[in-house]
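**Q** Below are the chains, spelled out letter by letter.
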Amino acid sequence: MPSLGTWLAAFFTLCMLSFLYKDNPFFRIAESFFAGLSLGYYIGIVANQTLKPNLVLPLADNFSANWHLLFAGGLGVMLYFRYIKRVAWVSRWALAVYVGYYVGVNMMQKLHGEVLPQVGDTMLSLSWSGIGTLWNVVMVVGVLSVLIYFYFSAEHKGAVGGISRVGIWFLMVSFGAAFGYTVMGRISLLIGRMVFLVNEWARPLIGLIT
Amino acid sequence: MRKQVPLLLTFCAGMIPIVALFVPERHVSTVSTTLDSWLIIVAGFALLLGVVNVVQMNTNKIRRKTSGWPYAVVLLAGLAIMGTFGFAGAFGGFGGIATRLDGTSTPFDWLYQNAFLPLQGTMFALLAFFMASASYRAFRARNVEATILLIAALIVMFGRIPFGEMVTKWFPLTTEWIMAKPNMAAQRGIMIGAGLGAASMALRVIVGIERSYLGLGKGE
Numbered sequence: 191m192p193s194l195g196t197w198l199a200a201f202f203t204l205c206m207l208s209f210l211y212k213d214n215p216f217f218r219i220a221e222s223f224f225a226g227l228s229l230g231y232y233i234g235i236v237a238n239q240t241l242k243p244n245l246v247l248p249l250a251d252n253f254s255a256n257w258h259l260l261f262a263g264g265l266g267v268m269l270y271f272r273y274i275k276r277v278a279w280v281s282r283w284a285l286a287v288y289v290g291y292y293v294g295v296n297m298m299q300k301l302h303g304e305v306l307p308q309v310g311d312t313m314l315s316l317s318w319s320g321i322g323t324l325w326n327v328v329m330v331v332g333v334l335s336v337l338i339y340f341y342f343s344a345e346h347k348g349a350v351g352g353i354s355r356v357g358i359w360f361l362m363v364s365f366g367a368a369f370g371y372t373v374m375g376r377i378s379l380l381i382g383r384m385v386f387l388v389n390e391w392a393r394p395l396i397g398l399i400t
Numbered sequence: 006m007r008k009q010v011p012l013l014l015t016f017c018a019g020m021i022p023i024v025a026l027f028v029p030e031r032h033v034s035t036v037s038t039t040l041d042s043w044l045i046i047v048a049g050f051a052l053l054l055g056v057v058n059v060v061q062m063n064t065n066k067i068r069r070k071t072s073g074w075p076y077a078v079v080l081l082a083g084l085a086i087m088g089t090f091g092f093a094g095a096f097g098g099f100g101g102i103a104t105r106l107d108g109t110s111t112p113f114d115w116l117y118q119n120a121f122l123p124l125q126g127t128m129f130a131l132l133a134f135f136m137a138s139a140s141y142r143a144f145r146a147r148n149v150e151a152t153i154l155l156i157a158a159l160i161v162m163f164g165r166i167p168f169g170e171m172v173t174k175w176f177p178l179t180t181e182w183i184m185a186k187p188n189m190a191a192q193r194g195i196m197i198g199a200g201l202g203a204a205s206m207a208l209r210v211i212v213g214i215e216r217s218y219l220g221l222g223k224g225e
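Note that the protein sequences, when read in sequence, are chains A and B.
Using my numbering, you'd call the opening residue of the first sequence number 191 and step up by one each time.
Using my numbering, you'd call the opening residue of the second sequence number 6 and step up by one each time.
The hints are simulated quantities; they were obtained by calculation from the structure and are not laboratory data.
Glycine included, each C-beta is placed from N, C-alpha and C at the ideal position.
Treat the hints with care, as some may be off.
Pair ranges (Cβ atoms, derived) [as the list claims (entries may be wrong)]:
1) Val149(B) - Leu316(A): 22 to 30 Å
2) Ala48(B) - Pro394(A): 42 to 50 Å
3) Gly375(A) - Ala48(B): 24 to 32 Å
4) Glu345(A) - Phe16(B): 31 to 39 Å
5) Asp251(A) - Thr64(B): 31 to 39 Å
6) Ala151(B) - Ile321(A): 25 to 33 Å
7) Gly352(A) - Ala103(B): 53 to 61 Å
8) His302(A) - Trp175(B): 38 to 46 Å
Between the sequences and the hints, there should be enough to build the whole structure, so can you do that?
**A** As structure tokens, then:
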């Protein structure tokens with residue numbers, strides 16, 4: 191006999207798959223429940239992995255060394271002032287610090303961690319030394335043409351239009367590869383659900399009936 | 006004060022990680038590290054802010070009895086059940102949020118294994134069917150671009166399954182080449198472009214040109 195958990199998982203799996211026939215209340219219930227569960231899941235994860243180790247435990251274990259974390263808690267609480275009309279503007283202060291700091295971090299991370307290394311790795315030798323040089327040419331032409339495709343300050347006509355067309359071809363290869371991977375990932379998930387339904391739910395059930 | 010102070014705070018907070026990177030001085034890095042540890046906490050509060058918004062939206066839906074309001078009840082029920090087990094579990098209630106030491110599931114873990122994962126897996130698996138029908142429309146090779154996309158997708162799919170290798174060893178080899186050369190070139194172009202875009206947007210935010218995140222217009 192399948193366990194209660196297996197029954198629940200099978201029920202939700204079938205509710206979701208019922209959408210293949212058409213939109214129906216079973217699918218909508220499963221979809222709404224999933225949205226609620228997801229948010230609830232993140233409450234648990236944030237409380238357990240962010241608030242507990244970074245705020246609650248340090249304050250509880252050694253308040254005198256970590257009292258400054260009260261400011262962080264205060265900033266977090268300030269975000270909720272937006273729900274009190276009279277003092278809603280206070281939430282902007284917390285938001286300003288939060289957004290300001292992370293755009294600063296993000297800017298340096300993007301420039302140092304992505305742009306400069308990627309530009310550096312694209313500076314490849316183009317002097318002939320075998321088939322590898324041809325692939326270097328492919329890489330350099332690909333990067334430059336894709337960048338020109340994303341350059342909107344000049345009209346994509348003439349030479350710029352031609353190069354940006356090559357950029358589109360490179361992008362299409364990349365999107366095609368990404369599409370292939372995504373399809374395979376989704377099919378593998380589908381196989382997983384089918385294997386679950388057959389092996390963990392239907393088989394024990396049929397075994398019980400026969 | 007209500008408009009200028011947030012802009013000043015953004016500027017100061019935004020300059021801290023930038024200065025910390027270029028000035029290898031202990032006090033500067035201490036300020037940056039402290040602010041970093043603070044803002045991890047603020048990020049936690051910000052995420053829960055989204056939960057408050059969803060609750061507000063759905064309770065309004067139920068109160069006004071707009072179409073589909075029973076589904077809002079289901080959503081809130083899921084949120085309340087999982088949220089309660091998660092929050093209480095994080096602080097020691099119900100035995101925590103992971104599997105117990107004796108191997109039994111806590112309520113949070115049980116719901117995660119038997120409701121969240123199956124729902125998530127099936128939701129994404131459903132996309133396989135929609136992608137099949139969408140790709141039929143997109144992949145009819147009506148122009149050069151669609152043909153290139155179709156060929157790249159097919160080669161990558163065949164190159165990653167044993168059947169492809171069984172047909173010809175060129176499938177996995179070509180897949181490797183596509184991933185390492187033209188795909189990498191396109192990804193690099195996207196990364197460089199997006200990185201420069203993100204950096205310029207960050208500068209606009211720090212110097213106060215972009216202020217929509219505060220709910221302020223350009224002239225305000």
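**Q** Could you run down the list of hints and mark each one as holding or not?
**A** Going down the list of hints, with the structure as the test:
| no. | hint | in the structure |
| --- | --- | --- |
| 1 | Val149(B) - Leu316(A): 22 to 30 Å | 26 Å, holds |
| 2 | Ala48(B) - Pro394(A): 42 to 50 Å | 44 Å, holds |
| 3 | Gly375(A) - Ala48(B): 24 to 32 Å | 28 Å, holds |
| 4 | Glu345(A) - Phe16(B): 31 to 39 Å | 36 Å, holds |
| 5 | Asp251(A) - Thr64(B): 31 to 39 Å | 38 Å, holds |
| 6 | Ala151(B) - Ile321(A): 25 to 33 Å | 29 Å, holds |
| 7 | Gly352(A) - Ala103(B): 53 to 61 Å | 57 Å, holds |
| 8 | His302(A) - Trp175(B): 38 to 46 Å | 39 Å, holds |
Comparing the model with each earlier hint shows no violations; every hint is respected.
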